[in-house]
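> Use the sequences and the hints to build the structure in full.
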Amino acid sequence: MANHTLGLNAALATYVQQVGVREPAILQALRAATEQEELSVMRSAPEQGQLMAMLIRLTGARRILEVGTYTGYATLWMALAMPADGKIISCDLSEAWTNVARRFWEEAEVSDRIDLQLAPALETLDRLLTDGAAGSFDFVFIDADKVNYTAYYERSLELLRVGGLIAIDNTLWGGSVIDPDNQEPSTNAIRAFNDMLYRDSRIDMAMLPLADGLTLASKKGL
Numbered sequence: 020m021a022n023h024t025l026g027l028n029a030a031l032a033t034y035v036q037q038v039g040v041r042e043p044a045i046l047q048a049l050r051a052a053t054e055q056e057e058l059s060v061m062r063s064a065p066e067q068g069q070l071m072a073m074l075i076r077l078t079g080a081r082r083i084l085e086v087g088t089y090t091g092y093a094t095l096w097m098a099l100a101m102p103a104d105g106k107i108i109s110c111d112l113s114e115a116w117t118n119v120a121r122r123f124w125e126e127a128e129v130s131d132r133i134d135l136q137l138a139p140a141l142e143t144l145d146r147l148l149t150d151g152a153a154g155s156f157d158f159v160f161i162d163a164d165k166v167n168y169t170a171y172y173e174r175s176l177e178l179l180r181v182g183g184l185i186a187i188d189n190t191l192w193g194g195s196v197i198d199p200d201n202q203e204p205s206t207n208a209i210r211a212f213n214d215m216l217y218r219d220s221r222i223d224m225a226m227l228p229l230a231d232g233l234t235l236a237s238k239k240g241l
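Residue numbers for the sequence shown follow our numbering, so the first one is 20 and each next one is one higher.
The set of hints was computed from the structure by calculation and includes no laboratory data.
Ideal Cβ placement from N, Cα and C applies to all residues, glycine included.
One thing to keep in mind: the hints can contain errors.
With beta-carbon atoms standing in for the labels, derived distance ranges [as the list claims (entries may be wrong)]:
| # | residue 1 | residue 2 | range |
| --- | --- | --- | --- |
| 1 | N201 | A51 | 25 to 35 Å |
| 2 | V35 | G194 | 31 to 41 Å |
| 3 | G151 | D200 | 39 to 49 Å |
| 4 | Y217 | V166 | 11 to 21 Å |
| 5 | A152 | A29 | 20 to 30 Å |
| 6 | G151 | T24 | 26 to 36 Å |
| 7 | S155 | Q37 | 12 to 22 Å |
| 8 | D200 | R121 | 17 to 27 Å |
| 9 | D104 | R146 | 14 to 24 Å |
| 10 | M226 | L148 | 24 to 34 Å |
Pasting the structure below:
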């Protein structure tokens, strides 16, 4: 027995995916296609995608906001889990990477649930707020450039309904958050973000040592 979280070596991580993740064939195919792309390390882990899909089903999320699409692997997990009349607004800058995503979304017959916004995410979030979308989203997933995490979070929290959930990826950042010699801008941004989130009285939160760290934040009422 252990009273702290286990570290997963490669063999144990493989075991988790073999007996703990029910990954549909279309997601397996997208994961394999992503491995051929530059920076494939940015793809979400299957066990993380499955957890987010379960959270979406449990909460009945119908309006989802995603900051950072890449090849759309996490997007597809979420789209498959949401009701047929639900909508994901997904923000990214890369047409090349999201073209991969579009192909698999169409094959999975969920492309009508996904509104891809190819523009700087902060511009999209600000436009949503200007258009009166505050408090209208059920679930948010943030997985984009780390130096803007706090800005993405603040806007996302405003767009989220009370009781809604934000999932933030990479909050352990490969373990570098505890390395005092690592003073890279992205690492410092994650450290500052984690400290801010821990002290944020507007939310309930839980940091999960899943994949590269996944923090969940639920918006409190006034």
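> Against which earlier hints does the structure fall short, listed by number upward?
Going through the list in order, the structure violates hints 2, 5, 6, 7, 8 and respects the others.
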